[in-house]
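J.: Chains as they are written, first to last, in numbering that gives the first Met the number 0: chain H, 0 to 262; chain P, 0 to 238; chain L, 0 to 588.
Bear in mind the hints are in silico, worked out from the structure with no lab data behind them. Note that beta-carbon positions come from the ideal geometry of N, C-alpha and C, so glycine has one too.
Footprint (simulated), chain L over chain H, 3 or more residues, beta carbon under 8 Å:
1. 63-76
2. 223-233
Only pairs whose alpha carbons sit at most 30 Å apart, straight line, appear in this in silico DSS-like list of lysine-lysine:
3. P:Lys26 x L:Lys570
4. L:Lys30 x L:Lys524
5. L:Lys524 x L:Lys570
6. H:Lys70 x L:Lys570
7. L:Lys524 x L:Lys449
8. P:Lys26 x H:Lys78
9. L:Lys570 x H:Lys78
10. P:Lys26 x H:Lys70
11. H:Lys70 x L:Lys449
12. L:Lys524 x H:Lys70
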Amino acid sequence: MVIAVVLVLIVVGSVLFHFLSPWWFSPLASNWNYIDDTTVLTFWICGAVFSALLLFVAYCLFRFRHTEGRKAAYEPENKRLEGWLTAITAGGVIAMLAPGLLVWAQFVQVPPAATDVEVIGQQWLWSFRLPGADGQLGAADNRLVSPDNTLGVSPTDPAGQDDVLIEGGELLIPVGRPVRFLLRSIDVLHNFYVPEFRAKMDMIPGSVTYFWVTPTQPGTYEILCAELCGVGHSYMRGVVTVVTEEDYQAWLSGQATFASLSL
Amino acid sequence: MSAILGFIAIVTLIAGWWLSQQGLTAKPWLQIDQAGGVAAGDPRPAAPAQVGLGVFLAVVGSLFALLVTGYLLRSEGLDWRDMPLPWIVWPNTLMLLGTGLALEWALGAASRGDMARMRAGVLVAGGGALLFLIGQFAGWRMLAATGNFVNSGPADSFFYLMTAAHALHVIGGMVALAVTLERIRRNERAERIRLSVELSATYWLFMLLVWIVLLGVLSGSAGEFLALCGQILSEGRLP
Amino acid sequence: MTGISHDASASVPPAEIEDMALYHPRSWWTKYVFSQDAKVIAVQYAVTALSIGMVALVLSWLIRLQLGFPGLIEFIDVDRYYQIITMHGMIMVVYLLTALFLGGFGNYLIPLMVGARDMVFPYANMLSFWLYFVAVMLLVISFFVPGGPTGAGWTLYPPQAILSNTPGQQWGIMLMLVSLIIFIIGFTLGGLNYTVTVLQARARGMTLMRLPLTIWGIFVATVMALLAFPALFVAAVMMLFDKYLGTSFFMPTLVEMGEQLRYGGGSPILFQHLFWFFGHPEVYIVALPAFGIVSDLISTHARRNIFGYRMMVWAIVGIGVLSFVVWAHHMYVSGMNPYFGFFFATTTLIIAVPTAIKVYNWVLTLWRGDIHLNVPMLFALGFIVTFVNGGLSGLFLGNVVVDVPLSDTMFVVAHFHMVMGVAPILVIFGAIYHWYPKVTGRMLGDLLGKFHFWVTFVGAYLIFFPMHYLGLMGLPRRYFDTADIMIMPASAHTLNAFISIMAFIVGFAQITFVFNLVWSLRHGKPAGPNPWRATTLEWQTPQTPPAHGNWGDELPLVYRWAYDYSVPGAKQDFIPQNEPGTLTRGGTA
Chain H
0 MVIAVVLVLI
10 VVGSVLFHFL
20 SPWWFSPLAS
30 NWNYIDDTTV
40 LTFWICGAVF
50 SALLLFVAYC
60 LFRFRHTEGR
70 KAAYEPENKR
80 LEGWLTAITA
90 GGVIAMLAPG
100 LLVWAQFVQV
110 PPAATDVEVI
120 GQQWLWSFRL
130 PGADGQLGAA
140 DNRLVSPDNT
150 LGVSPTDPAG
160 QDDVLIEGGE
170 LLIPVGRPVR
180 FLLRSIDVLH
190 NFYVPEFRAK
200 MDMIPGSVTY
210 FWVTPTQPGT
220 YEILCAELCG
230 VGHSYMRGVV
240 TVVTEEDYQA
250 WLSGQATFAS
260 LSL
Chain P
0 MSAILGFIAI
10 VTLIAGWWLS
20 QQGLTAKPWL
30 QIDQAGGVAA
40 GDPRPAAPAQ
50 VGLGVFLAVV
60 GSLFALLVTG
70 YLLRSEGLDW
80 RDMPLPWIVW
90 PNTLMLLGTG
100 LALEWALGAA
110 SRGDMARMRA
120 GVLVAGGGAL
130 LFLIGQFAGW
140 RMLAATGNFV
150 NSGPADSFFY
160 LMTAAHALHV
170 IGGMVALAVT
180 LERIRRNERA
190 ERIRLSVELS
200 ATYWLFMLLV
210 WIVLLGVLSG
220 SAGEFLALCG
230 QILSEGRLP
Chain L
0 MTGISHDASA
10 SVPPAEIEDM
20 ALYHPRSWWT
30 KYVFSQDAKV
40 IAVQYAVTAL
50 SIGMVALVLS
60 WLIRLQLGFP
70 GLIEFIDVDR
80 YYQIITMHGM
90 IMVVYLLTAL
100 FLGGFGNYLI
110 PLMVGARDMV
120 FPYANMLSFW
130 LYFVAVMLLV
140 ISFFVPGGPT
150 GAGWTLYPPQ
160 AILSNTPGQQ
170 WGIMLMLVSL
180 IIFIIGFTLG
190 GLNYTVTVLQ
200 ARARGMTLMR
210 LPLTIWGIFV
220 ATVMALLAFP
230 ALFVAAVMML
240 FDKYLGTSFF
250 MPTLVEMGEQ
260 LRYGGGSPIL
270 FQHLFWFFGH
280 PEVYIVALPA
290 FGIVSDLIST
300 HARRNIFGYR
310 MMVWAIVGIG
320 VLSFVVWAHH
330 MYVSGMNPYF
340 GFFFATTTLI
350 IAVPTAIKVY
360 NWVLTLWRGD
370 IHLNVPMLFA
380 LGFIVTFVNG
390 GLSGLFLGNV
400 VVDVPLSDTM
410 FVVAHFHMVM
420 GVAPILVIFG
430 AIYHWYPKVT
440 GRMLGDLLGK
450 FHFWVTFVGA
460 YLIFFPMHYL
470 GLMGLPRRYF
480 DTADIMIMPA
490 SAHTLNAFIS
500 IMAFIVGFAQ
510 ITFVFNLVWS
520 LRHGKPAGPN
530 PWRATTLEWQ
540 TPQTPPAHGN
550 WGDELPLVYR
560 WAYDYSVPGA
570 KQDFIPQNEP
580 GTLTRGGTA
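Just chain H, with the same shape it has in the complex:
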């Protein structure tokens, strides 16, 4: 009997906690409101299933608890009922999966207008490289990393000479313009994660990964490393600030280029 009451309390408590607790997504600052929408949809479907199942169990426990003389029914199976339940479940799964895959299709297709920003992870520091006036990033390779060239930018690639390097500093990006983050690592796995942007991706030494976002809200956001990268993992933070286009251009022109740094 107690257990039936507890199950009801669990349902009520979980639902109340969900709606009343102060802990929820951090405020969205990018175009990925689709991700939030899909998540909320998933919450509704899963929450309904969870509540329905538990309340049903609680009812069974109350209604069919052992009393003197009770005898259980003998019913090995009920094909019709099982068929319906399977169909309803499949429907629920499709209702979650279909929007999920549609949003994923957007996630993997970078808009052609996106500007590139390279993010370089190393223990335990975020660095950034932005294309210079030519709009292109030069080649880079971990084999080129040296004390004078900590990010491994190719000194022979002309496209890389005007690249803007920001080592361990703050990154600014303009609001409202899609950005493709190209992710590179000097040493171990890292993961570039800004909770307010929702998107994240691992950084793998030896290859370049990517994702894209369009920042929608000006403001200062914290970059967290989301893939275990050694003992400094939780201290590997950075800052990205979303600013207006004018502020961005003003900031960009004040940054050092690869050529100026290697002089």
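Here the structure of chain H is known, so what remains is to put chains P and L in place on it, guided by the hints.
T.: The following block gives chains P and L in isolation, referenced to the frame of chain H:
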């Protein structure tokens, strides 16, 4: 991951075929009798050791399929360069083939009750296996002599890793052969000895198969073969 | 005998393997230490697994101390923190859950439930346990070697795992990899036994469709484990090569602390594929035995046949096959080709359907039952709640796009603890309360059992349910220090402290369980042969605890399926599987 998925698919097909014989659609609550719905049992059930070997070979197969998977994925790396195989692997292959044939021959003799020939077959097989191992080791020495060490390049690493894994399984098979010989020496029941020989023969056949697949992968001909298959599938004709 | 079908496709298993060498212990050593009796091996497995599990439980307190009350205990520095989380994870997943379900319950229940005298290869079975024991000892030793155990995280991702600035790089990582290799070899020996015993040594009349679902779960999980563990084996060997022979299977060109290492070209993603090709089936290797056991607990204690037995069997087999094509859902944000996401999200959500069917059938078994709220039943109900909760949060993580913000956050930690931590462990507890009378001949204390259940179940739910919301907020997992994270309000730190306090309470409650296990050995109520009035064969042994060889002179003959509870017209509300039947059963259902 194509190699291991292909392997799992084969195992699934075999398991599915077997399960389809087991009456999984029967309604068990309707059958109340001793036979479970069937009048007579299988008159000659397989020995547990035979089934056990079958399952074990599936595990071994999974292991090597995963090594091949690793090889194929890693060979997409930009630093990959193929490595020439030492010539001795080809005579070694013949040696392994000889071992398998000797055991088949021994099995035939055992079925006829010819214990002397069977013993000879097992001994020949053991000798062949030993020569194979020595040959493989010589292959390593040849590679080392030309400067191809285990860490010289990814292809080299895989060659050493795969041959070592295979050699360890061959050594395990040799232990089984030794046990068989010991059973013959102690003059155990003929049925039991025959089972021993039969299991060994199956195991060596499998080792031969694994080796041929590994050789195909390591020599690059498996890649060409797969490419050919792909071409046939995509263009519907031979190139 | 109307309605009895004669389905010719169901073959009869051999009555008795003719010359199955039954092993006879000759001395105390071979009876209790190097025993080849599956029942003794089962207890050895269970005691070892629960002991090392206790170590992992204490480690979890240290984790929670750091997260709830950072800086309170100076002993937990950042190096130790990562060593602790690594060992906690690895022990719980591999050395406790896998070993206990398959080595412990598998060994005890398979021969008894299928009506065999013992496992078919008793010697290999003994070796299996001792290899497992050595593997556990290597882990224990790694706590005391210079540098301590590895702090690479239980996923052991390269390149970090074998770099020189990872804690435990001197000895810890080597011991961990070697321990896993030995564990896998030992498991393979055991797994061959479990598989072949189910295939070959079933009693006459025990067709596959008469097997209890416990055996189905353990059997399919074992087959999966046999095929999946080699992936971890290969990954561990290749990592040892990278570390000690300087190969570059997984190690790319990288610069560690300003120094170019000699590695180049390797693929960290290759390791992740291999790891998760093992790691995902591993989830079901733990879950399927739990599914099976919980089905039998619910059916027995609700005095009702398991609802939809055939669907349950098909679902187990279906999940087993599907779980080999979903592994990359652990890698949506790993940097693999993002287009794989479409495929793996689809397969992952498809696997939810057979899993949901299992849940429905458990719940429908309660419907119109005669529910006895014994302690095993309480734990089974606790399993349903936590498993449904954790399974549903899995739908968030399996749906690739929802996974993107949640991956690598505390949401994932909460999810997998709920679904493959708490839920299977509740089943383990339920199963121990259920079968302890058969193993020892005495009942476990009821009052202590209820106390244990309530604190564990409610406490665990209060730990892991709120934890999801920390992840939703964006708190990454594996953080040593959560102070000053901009997205975390002060209230989130209070929540962390609350979770920690609950963890301590739940942890301490386990002492009552251990006490109960020991105390009841001597002082428990005598159980009799079949205290739960269950149908399956293990309750029908001539002696309790079952003697060596299980069945006395004659093997049981099986006449019916495992779920003849509350059969209309029967004298009692259960009919054992080996009771000859002349009941008239109409062609209903």
